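So the protein sequences, as listed, match chains A and B.
Residue 449 in our numbering is what sits at position 327 of the first sequence, and the numbering runs on without skipping anything.
Residue 385 in our numbering is what sits at position 263 of the second sequence, and the numbering runs on without skipping anything.
Fair warning: there could be bad hints in the mix.
Repeated chains share a single entry, so a pair holds when one copy, or any two copies, can fit it.
Below, a list of computed lysine to aspartate or glutamate pairs in the DMTMM-like style, where the Cα atoms sit at most 25 Å apart [what the hints assert, rightly or not]:
1. K336 x D179
2. K141 x E311
3. K331 x D179
4. K267 x D401
5. K331 x D377
6. K336 x D401
7. K292 x D457
8. K292 x D401
9. K290 x D316
10. K290 x D144
11. K292 x D191
12. K322 x D457
13. K141 x D377
14. K208 x E231
15. K141 x E447
16. K423 x D320
No lab work stands behind these hints: they were computed from the structure.
Here the structure is a predicted model, which is why all the values come from computation and not from measurement.
Protein chains: 2
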Amino acid sequence: MTEQNRQLKLVARPDGPVKDSDFELTTAPVPTPGDGQVLVRVQYLSLDPAMRGWMADRASYLPPVALGDVMRAIGIGRVVASSDPKIAVGENVRGLFGAQDYALVPASEAHRVDPALAPLPRFLGALGGSGMTAYFGLLDVGAAKEGDTVVVSGAAGSVGTIVGQIAKVKGCRAVGIAGGPEKCRYLTEELGFDAAIDYKHDDVRAALKAHCPKGIDVYFDNVGGELLDLVLGRIARNARVVICGAISQYDNRDDVRGPANYLALLVQRARMEGFIVFDYAARYREATLAIAGWMAEGRVKAHEEVAEGGLQAFVPTFRRLFRGENTGKLVLKID
Amino acid sequence: MTEQNRQLKLVARPDGPVKDSDFELTTAPVPTPGDGQVLVRVQYLSLDPAMRGWMADRASYLPPVALGDVMRAIGIGRVVASSDPKIAVGENVRGLFGAQDYALVPASEAHRVDPALAPLPRFLGALGGSGMTAYFGLLDVGAAKEGDTVVVSGAAGSVGTIVGQIAKVKGCRAVGIAGGPEKCRYLTEELGFDAAIDYKHDDVRAALKAHCPKGIDVYFDNVGGELLDLVLGRIARNARVVICGAISQYDNRDDVRGPANYLALLVQRARMEGFIVFDYAARYREATLAIAGWMAEGRVKAHEEVAEGGLQAFVPTFRRLFRGENTGKLVLKID
Chain A
123 MTEQNRQLKL VARPDGPVKD SDFELTTAPV PTPGDGQVLV RVQYLSLDPA
173 MRGWMADRAS YLPPVALGDV MRAIGIGRVV ASSDPKIAVG ENVRGLFGAQ
223 DYALVPASEA HRVDPALAPL PRFLGALGGS GMTAYFGLLD VGAAKEGDTV
273 VVSGAAGSVG TIVGQIAKVK GCRAVGIAGG PEKCRYLTEE LGFDAAIDYK
323 HDDVRAALKA HCPKGIDVYF DNVGGELLDL VLGRIARNAR VVICGAISQY
373 DNRDDVRGPA NYLALLVQRA RMEGFIVFDY AARYREATLA IAGWMAEGRV
423 KAHEEVAEGG LQAFVPTFRR LFRGENTGKL VLKID
Chain B
123 MTEQNRQLKL VARPDGPVKD SDFELTTAPV PTPGDGQVLV RVQYLSLDPA
173 MRGWMADRAS YLPPVALGDV MRAIGIGRVV ASSDPKIAVG ENVRGLFGAQ
223 DYALVPASEA HRVDPALAPL PRFLGALGGS GMTAYFGLLD VGAAKEGDTV
273 VVSGAAGSVG TIVGQIAKVK GCRAVGIAGG PEKCRYLTEE LGFDAAIDYK
323 HDDVRAALKA HCPKGIDVYF DNVGGELLDL VLGRIARNAR VVICGAISQY
373 DNRDDVRGPA NYLALLVQRA RMEGFIVFDY AARYREATLA IAGWMAEGRV
423 KAHEEVAEGG LQAFVPTFRR LFRGENTGKL VLKID
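Produce the complete structure using the sequences and hints provided.
Printed below as a string of structure tokens:
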């Protein structure tokens, strides 16, 4: 191969929203797999709010991306060279491939996906990390059950759309919070949410009261901030508040707004619990089969936005997440 | 009976710390029990931080005390007249008797205590609400188990002293946070805590690091505020943060400081959960027997401060709780 491997490296810790100067696009020779390794041509990168945390110099559930390293990212790619008998050239795989054209990874970290089952970007969304996050967060951490009122923030996003639809499958009342009338219409008319609240234009407190007359049993929180406080003011007895993310706070992690209404947890004997989807890796198959089954039945719909422009479009595309500009799963096409 | 019944009535919603003008001491005739009722001469009142919440005009787990009503309080008294065959004159009972000399209550709400087992004020402390709160909060909500590191705030108070001692019984490492060297000495030297942190004089962050080298598995929080944030910064994987109270915030409930570090719950897959001890009423006997047994073995020590002055001393005595001036259970002698 004479082609070069373009790599997007993190070169500065972002202060506030990410900017072009936080990254550097460099080239290196395309590597050759050693024993037990495969070389993957990256096709799509998953863009996730959590990546903002990986860029910060802060101990977390994963170490920070070191300055000068290729930006960590989950991707889908095609095996172009293999030194492991278990994976053949031409197979599609998913893994932590990073923001680069070619990834050299141990074969055990390249997980096969079947392009006959769904378009490839879906394996980063409903049939990937977003679906897993929605499934385990709602059903395991949130313990959602029939008759519960489930509220999800970031409802039109990759995780939120699946949360609300799984809630409906399970016989819950699903209420989404999203930004703008178009997203809200999408949630109720296309995805079957019982109600949607437009946090940019609605009186959220009044809308929560109207749409959750018996209180909120499960709050699946992707955004944090003021919405978390408003929801805490409306939780039901024994509610579960699932902390999945806090996208409203990621750009100012040194001055995070804490939930002043947290004493509602005491009054309502409720709990607030965080989780990391990677902990459920042993059960991804269960969740994938369940979601794929609901999709086949037409009960769960998935939507992906595939951004063009390759690695050079990483920064502006990533920023769209924080501006709430995407609906469903946002992926970046690399190949 | 020609004696009058003095009653302390709530006449204003306190703004900040309670003051004398929020209450009015009035007199009324001593009532006579109707069928199924008993008349109780109140002997001791329990003074609890939660009462501050009952004075506020805010929906909570109990309705607010109405303006003009006798201040709600748990007490111990002696039955002086009974119209129920199940309770005899002369028996000692516990119940929601209110801040008054005499309480007329249904016999079913006057719960017998045995003065041969312990001094009466202890039935408001280690063998009463404080003990129940410590037991169920630590073991049920907090799920403390052998080897856990348990941190408790308000550690020298009525609940905190019992939390730390039960933690030791269960094989945990017990670390208390209290105000002042004398309280800290009491915790480690008298009650067997492994360590105590003086939040008024120590660098709490550094002390938590030193005394909780493996992180904090259970935080039993009585105070809220800055300490909650500092502890969240040090929680271990799968930690349980038990929200029992937030005494630092009760005098400014309209401007509560929320835990800005709450995203530690996500990173550490931890939960924060509130509870109300009344929900465990069906299991009070289990907890009382356990604590009484540990006391008999010398493994749990109880301490009560009995304040004199009767109903007229209610306000200044109640304020001592919020100034951290008491060690162990604070009760007000009425009779």
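Hints versus structure:
no.: 1; hint: K336 x D179; in the structure: between (42 Å within a copy, 22 Å between copies)
no.: 2; hint: K141 x E311; in the structure: neither (36 Å within a copy, 56 Å between copies)
no.: 3; hint: K331 x D179; in the structure: between (40 Å within a copy, 20 Å between copies)
no.: 4; hint: K267 x D401; in the structure: both (22 Å within a copy, 22 Å between copies)
no.: 5; hint: K331 x D377; in the structure: between (30 Å within a copy, 22 Å between copies)
no.: 6; hint: K336 x D401; in the structure: between (33 Å within a copy, 20 Å between copies)
no.: 7; hint: K292 x D457; in the structure: neither (38 Å within a copy, 58 Å between copies)
no.: 8; hint: K292 x D401; in the structure: within (23 Å within a copy, 28 Å between copies)
no.: 9; hint: K290 x D316; in the structure: within (9 Å within a copy, 50 Å between copies)
no.: 10; hint: K290 x D144; in the structure: neither (41 Å within a copy, 50 Å between copies)
no.: 11; hint: K292 x D191; in the structure: neither (43 Å within a copy, 47 Å between copies)
no.: 12; hint: K322 x D457; in the structure: neither (36 Å within a copy, 59 Å between copies)
no.: 13; hint: K141 x D377; in the structure: within (20 Å within a copy, 36 Å between copies)
no.: 14; hint: K208 x E231; in the structure: within (12 Å within a copy, 72 Å between copies)
no.: 15; hint: K141 x E447; in the structure: within (17 Å within a copy, 53 Å between copies)
no.: 16; hint: K423 x D320; in the structure: within (21 Å within a copy, 55 Å between copies)
Violation of the numbered hints given earlier is confined to hints 2, 7, 10, 11, 12; the remaining hints are satisfied by the structure.
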